[in-house]
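Make a model of the complete structure from these sequences and hints.
The opening residue of the sequence shown carries number 1015 in our numbering; numbering runs sequentially from there.
These are calculated hints, taken from the structure and not from any lab test. Computed from a prediction, not measured in an experiment: that's the story for all the values here. A portion of the hints provided could be inaccurate.
Listed below are the simulated EDC-like cross-link pairs for lysine to aspartate or glutamate, each with C-alpha atoms no more than 16 Å apart in a straight line [what the hints assert, rightly or not]:
| id | residue 1 | residue 2 |
| --- | --- | --- |
| 1 | K1136 | E1075 |
| 2 | K1335 | D1208 |
| 3 | K1227 | E1207 |
| 4 | K1195 | D1300 |
| 5 | K1195 | E1220 |
| 6 | K1227 | D1249 |
| 7 | K1335 | E1325 |
Taking CB as the label site, the calculated pair distances span [said to hold, decoys possible]:
| id | residue 1 | residue 2 | range |
| --- | --- | --- | --- |
| 8 | D1208 | L1280 | 30 to 36 Å |
| 9 | G1027 | S1083 | 34 to 40 Å |
| 10 | P1255 | L1307 | 35 to 41 Å |
The C-beta atom is built at its ideal place from N, Cα and C for all residues, glycine as well.
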Amino acid sequence: MPSFTVYKGSKSGAIVEATTTREVGPDEVLVRITHSGVCGTDEHYLHRDQVLGHEGAGVAEAIGSKVTSIQVGDSVGWGYQHNACLNCKQCLTGRETLCPQRQFFGTHDLDQGSFGTSAVWKANFLFKLPASLSREYAAPLMCGGATVYSALASFGARPSHTVGILGIGGLGHLAIQFAAKMGCRVVVFSSSEDKRAEAMRLGASEFVATKGKTDIAAECSAVDHLLVCASFTPDWTVYLPIMAPGGTIYPLTVSHGDLTIPYMPLIRNELKIQGSLVASRQIHRDMLQFAALHKIQPVIEKFHMDVEGIETCMGRLRDGKIRYRGVLEVAIDERALL
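Here is the structure:
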């Protein structure tokens, strides 16, 4: 059975190096990890005794006896979901993220993740990476990219629509690119002018600096889809007036607090608040192909896959200094691939 190095959270919040040993089952693949994205969700599990990381990319090193979809040597990635029953109504209609027996990062496989040198995953939840998409850029797409693409692709965003992006960070900078390449008018909302040039370079059509403003409706096009990618809860009295009638709001960043929002504007304009989880497998595959075709890449900062590198990266993420996704890279001498 293969053994490999993993990096765990701890009660104190310190990163702990450990070793995991796993058998490769008939329907599983041993992946030698080359890169891992670092997501804000990892911060939520930093004080738990579990291996961190759910934005993995690497190379298939060994496959189980029943695996036919992946070959040894394939470049693969995985994201937030690890497994599902594959036989319930949700699974059979392409909504396996809602399966009653779904297995996610943070609830299952706590002895392995993408913070490590290898991992063993179900082949059904691994994704072959397009040849033109390098693993260092693919890794952050496995959760961050899939999250924003799924919101756009699953709930009716069209080229004739205006998409608002609230916050230019790990999610927001990817949402701008995906929405723009889908042909949508993209309006970016940010607290200051600091990121205007970058937002426009990424594909924004309009940019609104919001700090200190209580009325911004006259400064932008009416928004059909508002993706909330900021790390804070918006002042809804500012953002509800920018919504087009029948528009949809997507709270994409994770918060454990209550969502409190004015009642009457929702009724008067028939607005919708749409929950959106991670992408289903087909949407995830579509996202990777779309990103490769349109050359969508996250803006990344790279760190070594070791205790010091992880702690440095997560510290910068915590302080809001990452531009815009942290990527951990396994040292070359540790990833002598086939």
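Results of checking the hints against the structure:
no.	hint	in the structure
1	K1136 / E1075	holds, 14 Å
2	K1335 / D1208	holds, 14 Å
3	K1227 / E1207	holds, 13 Å
4	K1195 / D1300	holds, 14 Å
5	K1195 / E1220	holds, 15 Å
6	K1227 / D1249	holds, 10 Å
7	K1335 / E1325	holds, 14 Å
8	D1208 / L1280: 30 to 36 Å	holds, 32 Å
9	G1027 / S1083: 34 to 40 Å	holds, 38 Å
10	P1255 / L1307: 35 to 41 Å	holds, 36 Å
In this structure, every one of the numbered hints holds.
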